[in-house]
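Line by line, the protein sequences give chains A and B. Counting along the first sequence from 1, when you hit position 115 you're at 115 in UniProt numbering, and nothing is skipped either side. Counting along the second sequence from 1, when you hit position 200 you're at 200 in UniProt numbering, and nothing is skipped either side.
Source of the hints: derived by calculation from the structure; they are not laboratory data. Glycine included, C-beta positions come from ideal geometry on N, C-alpha and C. Check each hint, because a few of them may be wrong.
Unchecked claim - Not everything, but these chain A residues come out facing chain B in the computed CB check (under 8 angstroms):
1. 36
2. 340
3. 403
4. 407
5. 422
6. 423
7. 428
8. 455
9. 461
10. 462
11. 472
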Amino acid sequence: MTRTFLGMPTTAPRGVGHLREGEPFPAAARRGLADPQLRRNLRHATTTIRAKSGAVIAEVPDWQQLRAAGSAVKADTMARLPELLEQLEAAVTAAGGTVHWAVDAVEANRIVTGLVRAAGADRVMKVKSMATQEIGLNEALEAVGIEPVETDLAELIVQLGRDKPSHILVPAIHRNRAEIREIFLREMPDVDPGLTDEPAVLAAAARRHLRETFLSTRVAVSGANFAVAETGTLAVVESEGNGRMCLTLPETLITVMGIEKVVPTWRDLEVFLQLLPRASTGERMNPYTSMWTGVTPGDGPQAFHLVLLDNGRSAVLADEVGRQALHCIRCSACLNVCPVYERTGGHAYGSVYPGPIGAVLSPQLTGVADNASLPYASSLCGACYDACPVMIDIPSILVHLRAEAPHPRAEAAAMAAAAYTMDHPALYAAAQRAAKLSRLAGPRGRGLPPPLSGWTASRDLPEPPPQTFRQWWAQR
Amino acid sequence: MRIALFVTCLADTLFPEAARATVRLLERLGHEVVFPEDQTCCGQMHVNTGYPDEALRLVRRHVRVFAPFEVVVAPSGSCVGSVRHQHAMVARRAGDERLASRAEEIGRRTYELSELLVDVLRVTDVGAYFPHRVTYHPTCHSLRMLRVGDKPLRLLRAVRGLELAELPEAEQCCGFGGTFAVKNADTSTAMLADKMRNVLATRADVCAAGDASCLMHIGGGLSRLRAGVRTVHLAEILASTEDEDRAGKQARREVRS
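Excised from the complex, chain A in its bound form (with noise of 0.2 angstroms):
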């Protein structure tokens, strides 16, 4: 059912920011599939978490109480959004920060680009950020010359390699370490060039190579986990530090937050502080969890902007099924638990959200038509719906874009006529008769003809039987 509302939220715009697929999910799916090693690092990432998260998740009693605790708190953040939105924007005001509205990624990037220069700097350093990803900012300031630092290690990864993210976690989980040695020995001017590839020796590179810069850029821009409405408060919560530096050594800060990340109180925050490690990283307690509120004269930054951002969440929010996606709190434990994501990797969601969430949200921010593979891009299997921790029922929504989605003309006459078929129960019967595929297509249907040469391509049809069963039941 679509429906056309006059002056109703848009979607996201063309041409600028990271939503849409540059081609269908089934072709950029191939790639990932034919890479090897690709596949080798995506299974032995996601095995490691999903072992991880799911005997920390264990250790709780009362998880699925919790869960139900954070759908209920974000339902009820999405069921007063403006309302809760004003309320935030009061506080931080009177914090001392500024608040911004930015209805598109094309208004956030004129309002972050805007802020930059008047603070006079070319050069800002970047806490890991969806938000930011999702508007393509780094593009949008490197048009005007001003070069943007990704801080978190693999964010640096991806920027140094020209690469996109592939997680929303770990966005260079499809990079295995030697890969990654590679990549700084490349593009860190100053690095050793006896540079091993251990874990720790890998991270202390990328430490020494933005250490200058967390001391000399005066003008930082993050994301946000959480916005609190009561109390005017941001929250971010990251495992190395780089976040906090971010947040506490610049001049100025300018946050970028969507708009669905706000809760209403300081204590829902209980809630998915708990929630969010254990179903991302399987920890117990991310090790930083950074919360500023406004302005303090004489500690940390001096100057701090908040923009607001819509791109499309309004949109979201305006369908009864889908709003669920707003829920989500970017723990990528849907991703962790895909079957498809795990072989396919996220590049092939051609979004900056990828996984099972990416397939119900970008399609929404975007709309339908601009993503339209992206909700087939699941078996229906379920698993990120027990994985979600604030329950988003992803199968559902799957499903019901689905139906929104435009659909290939003999498909829609195929299926048209299955289901006239199939309600008249003798021209069913007749239809089960003709329907010996594998006696059209030669033996085991190895011959059938596209669309369904995609299953005959790996797989034997089954030789249909001499009777059906209401043959045999007739005759018993």
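Keeping the supplied structure of chain A fixed, place chain B upon it in accordance with the hints.
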């Protein structure tokens, strides 16, 4: 008990043995099986491919055909999942609240085979005999939509002669997913390859499941590999008895000689 059989279109057309075995098993346990002949398909393929409006007529038919029955069984976790979780959604989408609540009622009394046996008929030892090494693939919709848990395994453990081999990564999807196997054939094949690797690692001679669709997929792959592992529906194992096993061997001897 009088039990209506929802055969499912796939079992009816391509895997009638699974449905015949369901009938044989339930009759052997002393129940009456009825087959409403106006039934066709639950419409799952339509819903999952994005055609809920086309599925609506199949939901109406299903509700009309099965409304008179107190207990309905299907030898398929995914079709029961569709009846229980999708029919009401399809009806509500079309604005038919009355149909939705009738569909919900029918969903509540429609059972997958292992649920019917263990929860309703309260039996785990059905008196079966199946002298083979068997591994069991739990199927996603039985596992996650219906939450059948270990019911199929409890039934299999009570089968005489059966040696149960644990399937590594059992809960991972086999990659079928209805039209997913066609629309994303390469990804589906990669998932199947891992499932087959795990099946072969068990050294079982039979891979069983409660869903003809997953069996068609895994069986199609194993057949292409000429792996020598048979796929068999849970119902066929539970319906097997010592007498049938003897008769089967006798028949095979006669064919050979």
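When the least beta-carbon distance from residue 423/A to chain B is tested against 8 angstroms, hint result:
Holds, about 5 angstroms.
Under the criterion of a CB-CB separation shorter than 8 angstroms, is residue 36/A in contact with chain B as hinted?
Violated, about 11 angstroms.
Quick check on residue 472/A please, does its C-beta sit within 8 angstroms of some C-beta on chain B?
OK, holds: residue 472/A within 8 angstroms of chain B, min 6 angstroms.
Given residue 340/A was flagged as interface, is its beta-carbon under 8 angstroms from a beta-carbon of chain B?
6 angstroms, holds
Closer than 8 angstroms between Cβ atoms is the bar; does residue 462/A clear it against chain B? Give me holds or violated.
Given a least distance of 5 angstroms, the restraint on residue 462/A holds.
Closer than 8 angstroms between Cβ atoms is the bar; does residue 422/A clear it against chain B? Give me holds or violated.
4 angstroms, holds
Proposed interface contact between residue 407/A and chain B, which counts if any beta carbon pair is under 8 angstroms:
Because about 6 angstroms separates residue 407/A from the closest Cβ in chain B, which is inside the 8 angstroms limit, the hint holds.
Any CB of chain B closer than 8 angstroms to the CB of residue 428/A?
With a minimum Cβ separation of about 5 angstroms from chain B (threshold 8 angstroms), the hint on residue 428/A holds.
At a threshold of 8 angstroms, is the proposed contact between residue 461/A and chain B supported by beta-carbon distances?
This hint holds: residue 461/A lies near chain B, its Cβ roughly 6 angstroms from the closest one there, short of 8 angstroms.
Does the interface hint hold: is residue 455/A within less than 8 angstroms of chain B, judged Cβ to Cβ?
6 angstroms, holds
Is the interface hint for residue 403/A satisfied, with its Cβ closer than 8 angstroms to some Cβ of chain B?
5 angstroms, holds
Checked against the numbered hints above, the structure breaks only hint 1 and satisfies the rest.
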